[in-house]
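Participant: So the sequence lines, in the order shown, correspond to chains A and B. The working numbering numbers the first residue of the first sequence as 84 and each following residue consecutively. The working numbering numbers the first residue of the second sequence as 84 and each following residue consecutively.
Calculated directly from the structure, the hints in this document are not laboratory data. Please note that the accuracy of each hint is not assured.
[To be verified] DSS-like, lysine-lysine: derived pairs with alpha carbons at most 30 angstroms apart: (1) Lys-195/A to Lys-360/A; (2) Lys-223/B to Lys-367/A; (3) Lys-467/B to Lys-102/B; (4) Lys-467/B to Lys-360/A; (5) Lys-430/A to Lys-430/B; (6) Lys-430/B to Lys-446/B; (7) Lys-446/A to Lys-467/B.
[To be verified] A partial selection of chain B residues facing chain A, derived with a Cβ cut-off under 8 angstroms: (8) Glu-191; (9) Val-193; (10) Gly-197; (11) Ser-243; (12) Phe-303; (13) Gln-317; (14) Leu-319; (15) Pro-355; (16) Asp-387; (17) Ile-404; (18) Val-436; (19) Thr-440; (20) Glu-444; (21) Gly-484; (22) Pro-516; (23) Arg-527.
[What the hints assert, rightly or not] Where chain B lies over chain A, by a calculated footprint (3+ residues, C-beta under 8 angstroms): (24) 178 to 191; (25) 285 to 299; (26) 317 to 326; (27) 395 to 405; (28) 440 to 452; (29) 474 to 485.
A virtual CB, placed ideally from N, CA and C, is assigned to each residue, including glycine.
Number of protein chains: 2
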Amino acid sequence: MVASDLARAYSRDNSDQFKSELFEMLRIPSLSGDPAHAGDVRAMAHWLADHMTSLGLDKVAVMETAGHPVVYGEWMGAGADKPTVLVYGHYDVVPASLEDGWDTDPFEPVEKDGIVYARGVTDDKGQLFIHVKALEAYLKTSGAAPVNVKYLIEGEEEVSSPNLLPFIQDHLELLAADVCVISDSSMVRIEEPAVTHSLRGMTYLEIHVSGPKEDLHSGFYGGAVHNPGVALVQILNSLYNEDGTIAVEGFYDDVVQLTDEEREMIARTDMPEQQLKDATGVPKQWGDARFTIKERVSARPTLDINGIWGGYAGPGPKTIIPASAGAKLSSRLVAAQDPNVIFDLIKAHIERVTPDTVNVEVKLLTVGRPALIPFDLPEMQAAKRAYERGWGHTPVFTRGGGSIPVVADITDLMKIPVVMMGYGLDTDGLHAPNEHYRLEMFNRGIETAIVYLEELAAIGE
Amino acid sequence: MVASDLARAYSRDNSDQFKSELFEMLRIPSLSGDPAHAGDVRAMAHWLADHMTSLGLDKVAVMETAGHPVVYGEWMGAGADKPTVLVYGHYDVVPASLEDGWDTDPFEPVEKDGIVYARGVTDDKGQLFIHVKALEAYLKTSGAAPVNVKYLIEGEEEVSSPNLLPFIQDHLELLAADVCVISDSSMVRIEEPAVTHSLRGMTYLEIHVSGPKEDLHSGFYGGAVHNPGVALVQILNSLYNEDGTIAVEGFYDDVVQLTDEEREMIARTDMPEQQLKDATGVPKQWGDARFTIKERVSARPTLDINGIWGGYAGPGPKTIIPASAGAKLSSRLVAAQDPNVIFDLIKAHIERVTPDTVNVEVKLLTVGRPALIPFDLPEMQAAKRAYERGWGHTPVFTRGGGSIPVVADITDLMKIPVVMMGYGLDTDGLHAPNEHYRLEMFNRGIETAIVYLEELAAIGE
Chain A
84 MVASDLARAY SRDNSDQFKS ELFEMLRIPS LSGDPAHAGD VRAMAHWLAD
134 HMTSLGLDKV AVMETAGHPV VYGEWMGAGA DKPTVLVYGH YDVVPASLED
184 GWDTDPFEPV EKDGIVYARG VTDDKGQLFI HVKALEAYLK TSGAAPVNVK
234 YLIEGEEEVS SPNLLPFIQD HLELLAADVC VISDSSMVRI EEPAVTHSLR
284 GMTYLEIHVS GPKEDLHSGF YGGAVHNPGV ALVQILNSLY NEDGTIAVEG
334 FYDDVVQLTD EEREMIARTD MPEQQLKDAT GVPKQWGDAR FTIKERVSAR
384 PTLDINGIWG GYAGPGPKTI IPASAGAKLS SRLVAAQDPN VIFDLIKAHI
434 ERVTPDTVNV EVKLLTVGRP ALIPFDLPEM QAAKRAYERG WGHTPVFTRG
484 GGSIPVVADI TDLMKIPVVM MGYGLDTDGL HAPNEHYRLE MFNRGIETAI
534 VYLEELAAIG E
Chain B
84 MVASDLARAY SRDNSDQFKS ELFEMLRIPS LSGDPAHAGD VRAMAHWLAD
134 HMTSLGLDKV AVMETAGHPV VYGEWMGAGA DKPTVLVYGH YDVVPASLED
184 GWDTDPFEPV EKDGIVYARG VTDDKGQLFI HVKALEAYLK TSGAAPVNVK
234 YLIEGEEEVS SPNLLPFIQD HLELLAADVC VISDSSMVRI EEPAVTHSLR
284 GMTYLEIHVS GPKEDLHSGF YGGAVHNPGV ALVQILNSLY NEDGTIAVEG
334 FYDDVVQLTD EEREMIARTD MPEQQLKDAT GVPKQWGDAR FTIKERVSAR
384 PTLDINGIWG GYAGPGPKTI IPASAGAKLS SRLVAAQDPN VIFDLIKAHI
434 ERVTPDTVNV EVKLLTVGRP ALIPFDLPEM QAAKRAYERG WGHTPVFTRG
484 GGSIPVVADI TDLMKIPVVM MGYGLDTDGL HAPNEHYRLE MFNRGIETAI
534 VYLEELAAIG E
């Protein structure tokens, strides 16, 4: 038996143990966006570091940043003549609570019919852990892996990684590798795996509209005071055209247009309207009719309202003019849009349309650049073979609609390809109530990751 | 000394006791709009009933309705040949909490420089109590008042009195009176009292926009799903014209236009822009430029957003497309707009403009009809004399911008005039943080109410 077969057998024999370790991770509410959970985020980092140490990795450390820490660990036993793969993942999660509509406690994993329900199970704890278990499988069977492996697991991906870029810049030597692999994306279907070669970037901002110094009685002042809620609605409305496109001047200027060849490739994994409706429950598709649904959600930029608030939202009526109103807005960007330029354009638009009857403030929350990776690189083709051998199907190369800011950062700073081998499904409910993950995805993912390390070792041989 | 002078002297001698009783009322958080406070609302009703009983009133009762109870009590000792005055007031309050920006606990009254800070102190506990103390002053000095007095104190005014109309209909004989007096409005200034002869009505509604069955990851679906927050913004925006008028078809059809004479009268108590800015903190006036500020806030209808919500409003970013978004809207109406007709018009507008990419629901919360009372009635002129003697100034007759639905109900059902003698100030911060009330208003109000009972007795003599 070759080493990868021994490792695969080990992973199958130990699947219950792997699952129980994953459950331990899922019980830690590592919400990076909420300061109240900073201690949990740190506890999660230490759990991972302790686990890596227990597997025999070297240089394991919880490394400080200006925000939440990075977990690092490495196994360099394959030798200098073998390639080094850098595994990136994130141990932080987005908020979740029963009141949001969860059927069970989001931080107490529940298994039902082979599916595990918990916040972070698919995004990204369950996916990053695949690569830890793949190395363990080699070490426990052959005592060595076919390539060197480094782990860079951050705790701020869900707040758009504000401190990761400086961390990478400061640790280029420590992190040096030949290829980076990330599992934080989705397949088309279980039997149709995918390698993502493009991701959307992001500009996330907040707008605050204020008027009166405090809430006013709507009977006394209604009619003579510009209601901040109304002003917010008017400002936000001006950002959109009726055809679903974005009305901010210059917004589309830097978008790399899709070629006919790419459009054909995207069409092969198109999302029919019925599939969109079934997956989301919306009554009908929406958006820029010049593009297909799949193109709109992966190769075109967006501008969404992620949250809106102002005034009284409790039970019954309250007859006030609210003192202020606000919204969170985010734009998913495509190559070659610059998130800071997009922020400036949106901010300028808002400031231009805001009347002098109210005050407005526009704040940048986070940015992330879009990424586009050629899929004829050997490390990408190795991933294709790994899926064929480890998963049992040839993967498609797809564009992802989500944002992993680190992809553009690693590509630019380390000059190495980033290979995105997703083991999730778009229907996993990530960032939503009842996030879930099939154990089958976890277990087959570990086997595919095992084979990938072998395929990487074979490049150039 | 005449009876009213004895009563006035008594009220001055007992002002500390009156204040301490008022504080007891203010400590009861009788929030009618929040089911969690139903017990407090009831406790407030019983406090009032017990207090009336202790003063020797008859037929005192906490009377059930389909919602919060009505407190009734009467003193009929003046005899059948004397007029009967029905005092209306409300013992319920709107929500308040420290987080809203209160400097002190809203339900623990604090006195500072002759001003009392507490939720409900001016709206309406401190004003309704004036009429209880006025009767007490007569009973404790002369053993009798110049007229018969009945009290109808409800607990649902702040939720637009859904059960008061049926209550009045069911108790017309018990409530029978010659005139109704209400203190739940404002003066122009302390030295310029006012009798309100017009009030705005109200249509209060909620709109709910929904799309996906749960919050979606904005990276996976952004661009192909109509964001319910965006759809809400687009729908609400369509309700307004750029000039500050309301774009709902037919909205203004039934508005009684102001005569030149009324516009001249309103101009005498106009609100200069600087006064509006000082009182509210807004950077500039806003609204329909064909009308003065005072006309806009009293004689013209409005449409305000009282609350708006949807998606994530916590700290940091969360990249979701919210499953739903909603808003509370209310329209202040003027004679002869019908609140149910206005609801139908707004609902029809919303349903017409809502695209089929989202679902919309429009719910009526409450309605109240506008009121307009002739100010040459003898009961209105008696109020004028009461202010001259009791307060020391001739009052102006003004239009109030707020809504007291009962006014139209009593006028229509009981066929008696409603005299609104306000002892508040527009700057008292009612429905806002740090609601407050000058003790001077309370004490001089009691003396004016004492004189008013005497002036009513003199009508027709």
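Participant: For the pair we were handed, Lys-430/A and Lys-430/B, check the Cα-Cα distance against 30 angstroms.
Facilitator: The hint is violated at about 34 angstroms.
Participant: Min Cβ distance, Gly-484/B to chain A: is it shorter than 8 angstroms?
Facilitator: At about 5 angstroms, which falls below the 8 angstroms cut-off, the nearest Cβ of chain A leaves the hint on Gly-484/B intact, so it holds.
Participant: Taking the least C-beta to C-beta distance, is Phe-303/B closer than 8 angstroms to chain A?
Facilitator: Result: holds, 5 angstroms to nearest chain A Cβ.
Participant: Is the Cα-Cα distance between Lys-195/A and Lys-360/A 30 angstroms or less?
Facilitator: With Cα atoms ~25 angstroms apart, Lys-195/A and Lys-360/A stay inside 30 angstroms; holds.
Participant: Under 8 angstroms, Cβ to Cβ, is where Pro-516/B needs to be relative to chain A, so tell me if that hint holds or is violated.
Facilitator: holds, 5 angstroms
Participant: Please work out if Lys-446/A and Lys-467/B have their alpha carbons no farther apart than 30 angstroms.
Facilitator: Violated, at about 55 angstroms.
Participant: Holds or violated: the hint that Asp-387/B contacts chain A, with Cβ atoms closer than 8 angstroms.
Facilitator: At about 5 angstroms, which falls below the 8 angstroms cut-off, the nearest Cβ of chain A leaves the hint on Asp-387/B intact, so it holds.
Participant: Is the interface hint for Glu-444/B satisfied, with its Cβ closer than 8 angstroms to some Cβ of chain A?
Facilitator: Constraint on Glu-444/B not satisfied, violated at 13 angstroms.
Participant: Please check whether the segment 440 to 452 of chain A has three or more residues whose CB lies within less than 8 angstroms of a CB on chain B.
Facilitator: holds (count 5)
Participant: Can you take a look at whether the segment 178 to 191 of chain A is actually covered by chain B? Rule is 3+ residues, C-beta closer than 8 angstroms.
Facilitator: Since three or more residues must qualify, the claim that chain B covers the segment 178 to 191 of chain A holds, with 3 doing so at under 8 angstroms.
Participant: Close enough to count: is the Cβ of Glu-191/B nearer than 8 angstroms to one in chain A?
Facilitator: violated, 20 angstroms
Participant: Verify the interface restraint on Gln-317/B: the C-beta must sit less than 8 angstroms from at least one C-beta of chain A.
Facilitator: Holds. Min distance 6 angstroms.
Violated hints, listed in ascending order, are 2, 4, 5, 7, 8, 9, 10, 15, 18, 20, 23; each of the other numbered hints is respected by the structure.
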